[in-house]
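Q: Quick mapping for you: the protein sequence lines, in order, are chains A, B and C. Residue 335 in the working numbering sits at position 181 of the first sequence, with consecutive numbering throughout. Residue 479 in the working numbering sits at position 325 of the second sequence, with consecutive numbering throughout. Residue 403 in the working numbering sits at position 249 of the third sequence, with consecutive numbering throughout.
Each hint should be verified, as a subset may be incorrect.
To be verified - With a Cα cut of at most 20 Å, we get these calculated SDA-like pairs of lysine to any residue: (1) C:476 - A:454; (2) C:258 - C:205; (3) C:476 - A:479; (4) A:380 - C:338; (5) A:208 - A:179; (6) C:447 - B:465; (7) C:380 - B:338; (8) B:417 - B:338; (9) B:474 - C:202; (10) B:451 - B:478; (11) A:380 - C:342; (12) A:250 - C:472; (13) C:185 - C:224; (14) C:238 - B:429; (15) C:451 - A:464; (16) A:170 - A:202; (17) A:476 - B:303; (18) A:476 - B:447; (19) C:199 - C:220; (20) C:321 - C:249; (21) C:185 - C:205; (22) B:250 - B:303; (23) C:466 - A:412; (24) A:199 - A:220; (25) A:208 - A:173; (26) B:466 - A:474; (27) B:478 - C:475; (28) B:451 - C:464; (29) A:447 - A:396; (30) B:206 - B:230; (31) A:348 - B:203; (32) C:420 - B:341; (33) A:450 - A:412; (34) B:474 - C:480; (35) B:447 - B:429; (36) A:480 - B:169; (37) A:417 - A:448.
What the hints assert, rightly or not - Listed next, with one range per pair, are the computed distances between beta-carbon atoms: (38) C:202 - A:448: 21 to 31 Å; (39) C:344 - B:244: 55 to 65 Å; (40) A:342 - C:179: 49 to 59 Å.
Bear in mind the hints are in silico, worked out from the structure with no lab data behind them. Even for Gly, the Cβ is constructed at its ideal location relative to N, Cα and C.
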Amino acid sequence: MEDITSEKLSLIIDGKCSNNDVVIDNFSSLKSSNNSSITFFTDRKLIDDLRKTKAKVVILKHEDRELRIGDWIVVDDPYLAFSKVADFFLKKNVFKSSIDPNTKIGINTKVSPGCYIGPFNSVGNNSIINHRVFIHSNVSIGNNVTIGEGSKLHPNVTIGDDVLIGKNCEIFAGASIGTDGFGYAQDADGAWNKIPQIGSVVIHNNVDIGSNTTIDRGAIDNTIIKSGVKIDNQVQVGHNCYIDENTIIAGCVGVAGSTIIGKNCKIGGAAMILGHLEISDSITISPGTMITKSLKKSNNKYTAIMPFMEHKEWLKMATKLKEKGK
Amino acid sequence: MEDITSEKLSLIIDGKCSNNDVVIDNFSSLKSSNNSSITFFTDRKLIDDLRKTKAKVVILKHEDRELRIGDWIVVDDPYLAFSKVADFFLKKNVFKSSIDPNTKIGINTKVSPGCYIGPFNSVGNNSIINHRVFIHSNVSIGNNVTIGEGSKLHPNVTIGDDVLIGKNCEIFAGASIGTDGFGYAQDADGAWNKIPQIGSVVIHNNVDIGSNTTIDRGAIDNTIIKSGVKIDNQVQVGHNCYIDENTIIAGCVGVAGSTIIGKNCKIGGAAMILGHLEISDSITISPGTMITKSLKKSNNKYTAIMPFMEHKEWLKMATKLKEKGK
Amino acid sequence: MEDITSEKLSLIIDGKCSNNDVVIDNFSSLKSSNNSSITFFTDRKLIDDLRKTKAKVVILKHEDRELRIGDWIVVDDPYLAFSKVADFFLKKNVFKSSIDPNTKIGINTKVSPGCYIGPFNSVGNNSIINHRVFIHSNVSIGNNVTIGEGSKLHPNVTIGDDVLIGKNCEIFAGASIGTDGFGYAQDADGAWNKIPQIGSVVIHNNVDIGSNTTIDRGAIDNTIIKSGVKIDNQVQVGHNCYIDENTIIAGCVGVAGSTIIGKNCKIGGAAMILGHLEISDSITISPGTMITKSLKKSNNKYTAIMPFMEHKEWLKMATKLKEKGK
């Protein structure tokens, strides 16, 4: 196999290197580096780590070039450049296509060539598994499901009936896509009658769904996640939500049913958004913030954090707050 | 098979129809309708959708009858009526009874006739799976478990030893019922000694448990969920909780150990209830609200939401709040 | 088998008993007791249960001795003593070593003698499963994983590649250890490029991880959980966190990436800790509290709970709070 040189990597990341011919064979942090690895430097607080690193090449900003003794590649955004370099090394490890005999594939389900399907997976009937899909183990896929080219399903994932997953998506362990939405109508005697949840979930391309995250199927129409959306672990997305392109949602967030979230939003960890709201494009919601009304002003940031205090100060403040309600 | 007419459906939902002989073969939303579907109308904001719908019949309120061009059924509560109609159509699709050969059933475990048990399920010893139970795939059921008639377990569910599940319950993907409660006693040197969790979980009839929800087994006595309780996704119920009939709990809620929740309560999404509390009947807790004391006044509503603001306004307010603690 | 007497149990828990020769064969609560069980009493509100208990022996404090009619063991901390007694009874039930034929063990993976591995588990290549490890069913273990002696994995757990789990750990149902951290760098056109997550997770000895909890693998270096840490259900731990010895974390907590938590901390349920912070030793964080800055003063308690109110009082207070931001 051809050597990977600093020149070759500089081309990939649009950088300028100190020396074209340095051979690199892996990537690392500043600390866990070895003498054939490439790493990056972006935070001057880590200057000691930079000085001590064993890495052969360091990706850094123009203004940090003088700090480096040894070879470098200069770029505008070292973190982004490093992610591309790492991606390049990772993509060289391609999986070997195979279907484990201890996996059940339903009737009329088509598995394209180039897929890996591990043990103890169950795929329903009339489904389509496209090229280069990777399904780890203990995954359950329902009937009439489509999984797009190059998508990856980690262990213990559940994909409900009729769900459509686009290309190059990654669904992490234990996520559940297409579980019934939470819809009930109350009888006169207080009992809750289930509203059948007969919509589905449509996930477009390049979407990541975190571990143990749940995305409900629509009540009648579909729940929709547009291309480029990234969702972290332990997130709940209610039925009939619509999340538009490139919005990023951190861990432990909850989005109640029928809420529409615009493009390029950033939802902080543990934020909660009530149902039937509209969130405009490019909105930032701070962590732990509960949104109770629609947000129609794009490019704005909203917050609702109770500031933390030493417990005895909090007791004082809480007393005063309670008085305001009287 | 006999035709389903508007007359027949009117009988089921106690409604009055414009025309007895309209034949219907499925249900839909106003928007996704086709010319043999039934749908419902209840919100005048959707008047445009009503005008454009292709649905053959629309369920609506008496006062909205004039808005509809085409056939209708008039009822008091169109949403409730629609849920019954949908349920009627769904129940016509009954599953075929079978046990997949790639499933492990333990010693002395009895599976009644009429069950469906899919692949890669593991059922322990001395358990009882009653009539018409549906177990999808990759489900783990412990020893000495009872699953009541007509209950349904979705993929990747875990049911611990000794758990008792009633009739017509539905446990959604990835839920874990009967995991050990979180009980430790601290040694003099700071180490935590586990308190064995030897109680179990008893779930009565018609209970729904959402995807990736966790319900802990009791420390010594049982955790109890009474009939008709509906629990959404990503909920945590601690050991020895008691949740009474027809209480409904939205997603991302946490209930700490030994708390007793009355009948007909409504717990909003992401609300948190501390341990060892008593919540009376018919209490409403707003979303995102933390309850730190017992609530003894029935039929009341409690809230503790920090109102959200534009970030720069929040900064001002937070400074003033912090001063109140000094 | 030798009888278990109150004398023998008194030795284990450093207690003094009313009668050396009482034979006991199980443990129970005050209420669910029978005439050969041992139980404990520590809360005078339960005096009625103490009077009515059928238990043969009650563990209690010196000052409560007079309240008991029947045999007792006196100790300093009855709850701690009871946990040791229960542990003693539970450890007598040792599992029988076996590997289910319906489990897949990868190439070059070593399983030590004395393990139990149930059905439908998948273990990757080059992994090490040490003595007396218990793996229930539907568990997925990646490549290059080590599971330490005596550790126990419940159903539907996922362990990612390269994860190291110490001795006597317990991982509850549906937990996911070593899922990719949430790291993306944004392109000029708004698309998110994944930062490869090539660190792993190192879990030391005697760690418990709750049901459906997720612990992310490090971006480059490892996520580390030190010995004696206990984590409840539905918790999210971000990439590159470091949680030091004997810290205890209740349910529904989120810890964002790269945060360092000291020894002996107590993190209340649903608390949230932002990323890149340092939390000193022996800090207590109240339930539902969001921590947004490093906490450097050990042995302190921090709180940020909005006090709950009747809804109409809250409306008044919220209006006043909003004014403070203007």
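Q: All hints, please: hold or fail.
A: These are the hints, each one checked on the structure:
Our distance criterion of 20 Å between C-alpha atoms is met by residue 476 of chain C and residue 454 of chain A, whose separation comes to about 17 Å. At roughly 54 Å between alpha-carbon atoms, residue 258 of chain C and residue 205 of chain C are farther apart than 20 Å, so this suggested pair is violated. With a CA separation close to 13 Å, the supplied pair residue 476 of chain C and residue 479 of chain A stays within the 20 Å bound. Between the alpha carbons of residue 380 of chain A and residue 338 of chain C the distance comes to roughly 17 Å, so the proposed pair stays at or under 20 Å and holds.
Only pairs whose Cα atoms come within 20 Å are accepted, and residue 208 of chain A paired with residue 179 of chain A is accepted, the gap being roughly 14 Å. Only pairs whose Cα atoms come within 20 Å are accepted, and residue 447 of chain C paired with residue 465 of chain B is accepted, the gap being roughly 17 Å. Taken as a hint, the residue 380 of chain C and residue 338 of chain B pair is honoured in the structure, with Cα atoms around 17 Å apart against an allowance of 20 Å. Using a Cα cut-off of 20 Å, the hinted pair residue 417 of chain B and residue 338 of chain B is violated, with the two alpha carbons roughly 31 Å apart.
A distance of roughly 50 Å separates the Cα atoms of residue 474 of chain B and residue 202 of chain C; the hinted pair therefore is violated under the 20 Å criterion. In summary, the hint linking residue 451 of chain B to residue 478 of chain B is not supported, as the alpha carbons are separated by about 30 Å, beyond the 20 Å threshold. With a C-alpha separation of about 19 Å, the suggested pairing of residue 380 of chain A with residue 342 of chain C holds against the 20 Å cut-off. At roughly 59 Å between alpha-carbon atoms, residue 250 of chain A and residue 472 of chain C are farther apart than 20 Å, so this suggested pair is violated.
Between residue 185 of chain C and residue 224 of chain C the CA atoms are separated by roughly 16 Å; this keeps the pair inside 20 Å, and the hint holds. With a C-alpha separation of about 24 Å, the suggested pair residue 238 of chain C and residue 429 of chain B falls outside the 20 Å cut-off, and the hint is violated. For the given pair, residue 451 of chain C sits about 10 Å from residue 464 of chain A by alpha-carbon distance, which is consistent with the 20 Å threshold. Of the pairs offered as hints, the one joining residue 170 of chain A and residue 202 of chain A is violated, with about 24 Å between alpha carbons and a cut-off of 20 Å exceeded.
Restraint check for residue 476 of chain A and residue 303 of chain B: the C-alpha separation of about 49 Å exceeds 20 Å, so the hint is violated. A C-alpha spacing of about 14 Å is found between residue 476 of chain A and residue 447 of chain B, which places the hinted pair at or below 20 Å, so the restraint holds. Annotation: proposed proximity of residue 199 of chain C to residue 220 of chain C holds, straight-line Cα distance about 15 Å (limit 20 Å). With a C-alpha separation of about 17 Å, the suggested pair residue 321 of chain C and residue 249 of chain C falls inside the 20 Å cut-off, and the hint holds.
The hinted pair formed by residue 185 of chain C and residue 205 of chain C meets the criterion: a straight-line CA distance of about 10 Å does not exceed 20 Å. The suggested pairing of residue 250 of chain B with residue 303 of chain B holds, with an alpha-carbon distance near 15 Å, which does not exceed 20 Å. Pair hint residue 466 of chain C plus residue 412 of chain A does not hold up; C-alpha atoms about 27 Å apart against a cutoff of 20 Å. Proposed proximity of residue 199 of chain A and residue 220 of chain A is supported: the alpha carbons are some 15 Å apart, at most 20 Å.
A distance of roughly 17 Å separates the Cα atoms of residue 208 of chain A and residue 173 of chain A; the hinted pair therefore holds under the 20 Å criterion. In summary, the hint linking residue 466 of chain B to residue 474 of chain A is not supported, as the alpha carbons are separated by about 23 Å, beyond the 20 Å threshold. A distance of roughly 12 Å separates the Cα atoms of residue 478 of chain B and residue 475 of chain C; the hinted pair therefore holds under the 20 Å criterion. This hinted pair checks out: residue 451 of chain B and residue 464 of chain C have alpha carbons roughly 10 Å apart, not beyond 20 Å.
At roughly 16 Å between alpha-carbon atoms, residue 447 of chain A and residue 396 of chain A fall within 20 Å of each other, so this suggested pair holds. Simply put, residue 206 of chain B and residue 230 of chain B have alpha-carbon atoms about 23 Å apart, too far for the 20 Å limit, and the pair is violated. Proximity of residue 348 of chain A to residue 203 of chain B is assessed by CA-CA distance (about 24 Å); at most 20 Å being required, the pair is judged violated. For the suggested pair residue 420 of chain C and residue 341 of chain B, the alpha carbons sit about 15 Å apart, so the restraint of at most 20 Å is met.
Between the alpha carbons of residue 450 of chain A and residue 412 of chain A the distance comes to roughly 16 Å, so the proposed pair stays at or under 20 Å and holds. Taking the CA atoms of residue 474 of chain B and residue 480 of chain C, the gap is near 11 Å; set against the 20 Å cutoff, the hint holds. In summary, the hint linking residue 447 of chain B to residue 429 of chain B is supported, as the alpha carbons are separated by about 9 Å, within the 20 Å threshold. Using a Cα cut-off of 20 Å, the hinted pair residue 480 of chain A and residue 169 of chain B is violated, with the two alpha carbons roughly 47 Å apart.
A distance of roughly 15 Å separates the Cα atoms of residue 417 of chain A and residue 448 of chain A; the hinted pair therefore holds under the 20 Å criterion. For residue 202 of chain C and residue 448 of chain A, the hinted distance range of 21 to 31 Å is not satisfied, since their beta carbons lie about 54 Å from each other. Range check, residue 344 of chain C to residue 244 of chain B: about 41 Å between beta-carbon atoms, so the 55 to 65 Å window is missed. In this structure, residue 342 of chain A and residue 179 of chain C meet the distance hint of 49 to 59 Å, their C-beta atoms being roughly 52 Å apart.
Hint compliance for this structure: hints 2, 8, 9, 10, 12, 14, 16, 17, 23, 26, 30, 31, 36, 38, 39 are not met, and every other hint is.
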